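Each chain is listed here by its residues.
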Amino acid sequence: MDFIIQQCVNALQWGSFYALIALGYSLVYGVLRLINFAHGDIFMVGAYIAFFVSTFFLSMQIVWPEGVVLAFTVPVTVILTSLVGVTLERVAYRPLRRKGVNRLYVVITALMCGLTLENGNLALLGASRKALPSLLEKQIYDLGGIALTNVKIMVIFTAILVFVMLHLIVTRTKAGMAMRAVSWDPFALPLMGIPMDRIIVFTFILGSGIAGLGGIMFAMSYPVLDPYMGAMTGWKAFIAAVVGGIGEVKGAFVGGFLLAFVEIMVVAFLPSTFRDLFAFSILLLILWKRPTGIFGMPQATKI
Amino acid sequence: MMIRVENLYAGYGKIEALHGLSFEVDEGEIVTLIGANGAGKSSTLKAMMRLAPPEAPLVSRGDILFKGKSILPLEAHKVVEQCKMTLVPEGRRIFGNLTVMENLHLAAWTRSKEEIAGNLERIFDLFPRLAERAGQQSDTLSGGEQQMLAVGRALMTGCSVILLDEPSMGLAPLLMYDMFRTLKRLNTESGLTIVVVEQNARLALEVADRGYVLNTGEIVAQGSSEELMRHSHIKEVYLGG
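Residue numbers (the working numbering), protein chains in the order written: chain A, 1 to 303; chain B, 1001 to 1241.
Excised from the complex, chain A in its bound form (with noise of 0.2 Å):
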């Protein structure tokens, strides 16, 4: 039974990766119907960032607190990988959106701007990973033969208290309001006087924001980082938007939380060989039964 529950904290803590990721995949697609597939290597980004706020503090002569490194590696992150997501929009989508080009070309885009964060980190940093600096002593704490981390406690309340926060911003405030309008039919958004393009951006910084705090959140976790640890992990967030029903919030959370859940317990009772054979099989299952995603809904107007 401990053994179960152990399991399951840690299918909450990286449900809870998958869930930050895939909520910039699914706020990005609900708004322009695009698939950013430079998102998986937003995150990875962010962890970079991650490393080189942190360094930077760590290397000032001053003697922080405890936490007080961290206090300002998550703010200035966030801020930073908001501004990678909103420049590559900027940059790259925009312009062919401007042009009115069909969505296959700025899907297409997408994956290369990811391979060229991917590669650009490569050649700018080098083959060696880098280790994040420690900035939480970590600290383990028994629970009746569950053994749960400061750290892992951390990642997990943050991406509930991410899910809260977006849920008010989408329920109520204009500018998620909005969000939602533009999912349902951008046309008419500009006859009421609101501008596409900052809704847009809003969308970029919310949705890169959010990766740049799972980016630090998996680092911290998971110390060492490499340009290529977005790829695999952006891919099976997506999947998870997407079984979760891509473009609902509710829908990237849902859908993280049961990868890792499928992927936790087949290496728990399986070859850890046999983890994404299975986690992909039964992810194809339920999107066989339910093509649209687990809330997703299929979208008819009314004329």
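Hints listed in this document are in silico derivations from the structure and should not be mistaken for laboratory results. Be aware that one or more of the hints could be misleading.
Said to hold, decoys possible - Think about it this way: if two alpha-carbon atoms lie no more than 16 Å apart in a straight line, the pair counts; the simulated EDC-like pairs of lysine to aspartate or glutamate are:
#1 B:1113 x B:1102
#2 B:1084 x B:1006
#3 A:174 x A:197
#4 B:1078 x A:197
#5 A:174 x B:1055
#6 A:99 x B:1075
#7 A:289 x A:276
#8 A:99 x B:1055
#9 B:1067 x B:1006
#10 B:1184 x B:1218
#11 B:1067 x B:1081
#12 B:1084 x B:1115
Said to hold, decoys possible - Covered stretches of chain B (chain A as the covering partner; in silico rule of three or more C-beta atoms under 8 Å from a C-beta of chain A):
#13 1045-1059
#14 1063-1077
#15 1084-1090
The structure displayed is predicted, hence computed values, not measured ones. Every residue gets a Cβ at the ideal spot worked out from N, C-alpha and C, and that includes glycine.
Use these hints to put chain B onto chain A, whose structure you have.
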């Protein structure tokens, strides 16, 4: 003249939809553009709103002047903000996943709290059904209620010029007359300038001050509503004899 469309050429890709269209709208007028399917009525309104291709045509020649200034360089949201002109699109295009109230609030993007409160009151006075359904998700509304919401939404923007694209489409005759009566009321009570595109020409001419008849991207006749209704050829082709 408030709006002056001058020798406008516009099209979608290689296909030209408007071939040198010219017409005018004065402040406080109701002007109607009538004509058959594919005559370029919707394209004209979308071009006036400066909506972006591919859904709207690209203007290649000519000009659209608002109070003497060209609005060709503006984007649609700027037209709403600066000219106080908006469009009630064909097929209504309300945000079906938002409630009635959310649709109205979203339309008030550029406005202050006090303006919103006053405007809501006015809209619920014009369309009491919307007040009853304020909290309802708007894709569950009937076609007539959706059209009320589409007009209500346009009013919430605070615009003083409203372009309407086929407001009678898909409505039962009774609701159609109600809608046009409301438009007339908005015009006389609030001084709203209205440009309405209609296939139901008779209905449109009954409330309009003036009209233009479009045929394949060109204006083929114009005049006051009475003149157009008396015109024997128009009667035959557009008003059903």
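Hint check against the structure, violated hint numbers in rising order
Hints 2, 5, 7 and 10 contradicted; others consistent.
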